[in-house]
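Chemist: Protein sequence lines, in the order shown, are assigned to chains A and B.
For what it's worth, the working numbering labels the leading residue of the first sequence as 23, then goes sequentially.
For what it's worth, the working numbering labels the leading residue of the second sequence as 944, then goes sequentially.
These aren't lab readings, by the way, just hints derived from the structure by calculation.
Errors might be hidden in some of the hints.
[Stated by the list, open to error] The calculated label-pair distances, taken between Cβ atoms and stated as ranges, are:
1. B/1300 <-> A/418: 31 to 39 Å
2. B/1022 <-> A/421: 41 to 49 Å
3. A/516 <-> B/1004: 35 to 43 Å
4. A/349 <-> B/1304: 43 to 51 Å
5. A/341 <-> B/1022: 52 to 60 Å
6. A/707 <-> B/1124: 26 to 34 Å
[To be verified] Some residues of chain B that are not near chain A, with every Cβ distance over 12 Å (derived):
7. 954
8. 957
9. 961
10. 964
11. 986
12. 1114
13. 1131
14. 1135
15. 1146
16. 1228
17. 1248
18. 1263
19. 1273
20. 1308
[As the list claims (entries may be wrong)] In silico DSSO-like links for lysine-lysine, alpha-carbon gap of 30 Å or less:
21. B/1178 <-> A/526
22. B/1187 <-> A/697
23. B/1131 <-> B/1023
24. A/683 <-> B/1174
25. B/1278 <-> A/537
26. A/455 <-> A/402
27. B/1216 <-> A/707
28. A/707 <-> B/1266
29. B/1131 <-> A/707
30. B/1281 <-> A/697
31. A/537 <-> B/1216
32. A/537 <-> B/1296
33. A/683 <-> B/1187
34. A/513 <-> B/1187
35. B/1296 <-> A/707
36. B/1146 <-> A/683
37. B/1178 <-> A/683
38. A/595 <-> B/1178
39. A/537 <-> B/1174
40. B/1146 <-> A/513
Just so it is clear, CB atoms sit at the ideal spot from N, CA and C, and this is done for glycine as well.
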Amino acid sequence: MAASSERSPPPFPDSEEPELLEDSDEGADAFTGTSISEMDSPSPDSTRPTKDIFNDPIEEIFSDPLSTINSEPQKKVDTKIHSPSSDEAVDLFSDALDDDSEVMSSPEVQNPMPDLLDEPVEAPKSDVLGEPPVHKNAAGQQDVLEDPPKGSSKSSSVKKAASAELFDDDEDEEDLFKETSKVVTKKPQPSGPPVDVFTEVKSDVKVKPQVKDDPTDLFTEEALTAPAPKPSASSSSSSRTNGVHSEEQDLFSEATVELSLDSPLNDRKKKDDVKPSVSAPAATVAGSSSKASSKTLEELEEEESEDKFDLNISVTNPEKVGDGMNAYMAYKVSTQTSLTMFRSKTFTVRRRFSDFLGLYEKLSEKHSQNGYIVPPPPEKSILGMTKVKVGKEDHSSAEFVERRRAALERYLQRVVSHPSLLQDPDVREFLEKEELPRAVSTQTLSGAGFLKMLNKATDAVSKMTIKMNEQDVWFDEKIQDVENEEQHMRKLHVMVESLVNHRKELSGNTAVFAKSVAMLGSSEDNTALSRALSQLAEVEDRIEQLHQEQASNDFFTFSELLADYIRLLGAVKGCFDQRMKVWQRWQDAENMLQKKREAEAKLLWANKPDKLQQAKDEIAEWEAKVTQYEREFERISATVRKEVIRFDKEKARDFKRQIVKYLESLLNSQQQLIKYWEAFLPEAKAIA
Amino acid sequence: MEGSSAEAALSVSANSIRITDVTQDGDVLTFAIASQKLNSSAGVCVFRMYEDFDWLQQSLFSEENLPGLQGIIFPPLPSKALPSQSNTQTKALKQLGFLALGQDWQSYCKALEFYLQQVAAHPTLCKCKALDSFLINSESPGKQRGRKGIFNRLSQAVEEMRKESHKDVDNFFQNERNKNTNLAASSKVATEKLLDVVMTEQKLAVACGHFATSLHLCVNQDDAAAVAFSKVCLKLSDVIEAVKRNYEKVASNNLSTLGLGLDLESRYQESEKEMLFRRTCKLIELETVRKGTEKAKANKREVMEAFQKAVEKEFNLISSVAKQEIERFHSSRVKVLKTFLIGWCELQLNTAKEFAELYSQHLEACRNMYSE
């Protein structure tokens, strides 16, 4: 992507703009997704009609993702190449951070928001009220403090530049689309969507500078009002839409409305007065945050993710596109939903396998650091795909395609059933957007795979070197459980595989038997017996079909389920590792602080006041870091714990569902058998 | 005396013959054979080994005062079971087919029982004294002619190649031979294939068993979610266990009815083939004698003609017996196959119904668990 590298020079928009957009996006989603009524209630007194609110998402869908996509690959680059500049801009606290934390910094910035927004919405409990947000805020605080003053002053101009570039990008995009559209044969009018995007971006550009003034409010507000008691959400939101927002564009108004759930007494004009004081509450709150988190933990455990969302995703019509080794399979991804975060109730896109992998890459990059279990997609199978590419229309390649299709479907369903992942703009983009830029990183899988392997190897090494003395019994047991479970699953998988193979064998043998019975019948002299035998051959043929169906049932219900869970358990282990890494960072910081203190003591003893101040500063800095890391550790622990609990629940539910499905299929085939035998019995009796 | 024994034929009823028990002592299987006297309610029970069965068969083969013996389709005796080798399953399977399956030689006993019943029910063979003594005498009959049969078969095999394709003078027999060749081949194939199916079903049952057992590994009582999952696993284990039993049942159904039926059919076809072959041999002999008579010099002609007549008479007798036998065989085999087919179908139907019921119970239970 040439355009994105072009964009890389200005570090500011890269580090900031996507965050802001995404953050506010999250807010919009959470809001529209969960409480429609609240969205409607404030709208009457705002000057904008409701219609706009419904229109808005479309625009943002088109505009945001574009910008985020464009900046996405670049962000990766950024953390490596431009890291000094962007880091300075983003968090001043962490100059001397190790690589790890540098990578962490940008997601951190994004994360407080989704968390903040999710939790109160999902579990609006009166006793813990403002606390989880506070705890999150503390983490987000530093950004709020550092970014807005610089950011807001520059942002409008920067924004223009950025959007101008967006503009350029779009043109490039269009080219890209045209290029791809040559490959994608079934698109009726490939140039259509890009043009739309184009205009929409234009309209956005006009509005954005206006909006751009707000980000500071947005953040301070949230920081300020978090500890405040919370009255009814609806009244607060209506009081908040006091005209300031009426002119505002989609995302931010919605985001702020969402925020108002926690911030009733915000008044936009107060923000400047409040800002200086924000840091103080944040610091004081920090201490209590651990308590708060432990409190909320129990609630998280209690929390039932029973909110049945209405979102059906199906992956259908696998279709080979292109010829030769450049051929690939494209799948139709159809979504059916009543969630308002999507622009329509049903929509369909075509995606190729690498797009699915690309989605996973994006999601795991963003979320796995925070302890989320990102469902892994099916593995790339070079052998299977090569067969398909070669174009052999044989049974095994058809089976491969079907298997992959089903796996992709389950993968997407797992992704969207995760409340946090569903909110991710990339997920929505994946489901809705007509054309996706090619997922570059997965294209050359061998390279990426190799890197991943390397990463895993280093992870394994670090895991060995990190000896974590686990204080949390729950984690201690759970890690062991997961380890055991994975082994059991593997064992079960082997069992099921052999079961499936035997079934296939049975079906093959039954077919052969049916043939031989038919032969026997044809050489039989006695007409009645001959007839009965040929009937029997037919019955056996049908039974063979049943066996075959049962074999694929066994396979898809159990074998694939187990394979999925083996992969998922891998992801769970990844979360544990991630938690351990964060713990390690905390411990390292602790050690460093210890050293600095010792150094200070030495200086004191040596009576060198000139260096003392510097040492004191350093200690303060490291103390802050230690608290921050500790909080992060607590946060990731809470997230992982929540995730694992959710995972366990999902797992039980998933297996239950599969058993019911399996039993249904068993019952069905038994009923078929009964039918067959009942039909055959009179034939046998008719033999004279 | 002789006349009365020929008339009185068998003193036990053919239908009452049962093999009630089998004991294995090392390499030797001993079968307990029970039967019921015709004129009284008294039962007879004797113990016989395979060698005794073989002796009986050989006695039947070499019955002397039976005209047209060679035209008889002898009920086929299953080949010898070697219990010590039965652990090398493949070998036993190759040799015995279905009869090697089943618990405790059940199907083998069934086949022997069926053999005895068939012999006893045969209009000519039932008059044989050997059968009577086999069924009634508590002492084991002699074993002197044990080896002969095998030699016969071997020599037959060599000759077979040469004489098999010999053109028949009688269209009926030519047709019968053709049909027999077809049927023998296809019934053998069908038996083998059904055997494969049954074997696979058994393997599947074993695999289900392993799966069901392994599911117990996942049981974990740590916390609520784990308990829920464990419950699911146990339920699944039950279900798989049911599937396992289903397959076991289906396999044993296949084995005990259609399997045995097809096995019997295929062995009977072989037996018919042997009879037809014996007749063909006689035919060839007759033709050579005829040729010899034509070429013979005048002084020898009379002797030759007399000899030819004797052979011709014998051949005609064999042919007429064979015709009757073939008719009898056809009607009886259709009947036998019919009973096996019906029995099989009913068993499978019942099994299917039984498990459909069971599965729906499980399904109900699962759905209830779902709503918990």
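Chemist: Mind listing which of the numbered hints don't hold for this structure, in increasing order?
Modeler: 3, 13, 14, 15, 19, 20, 39
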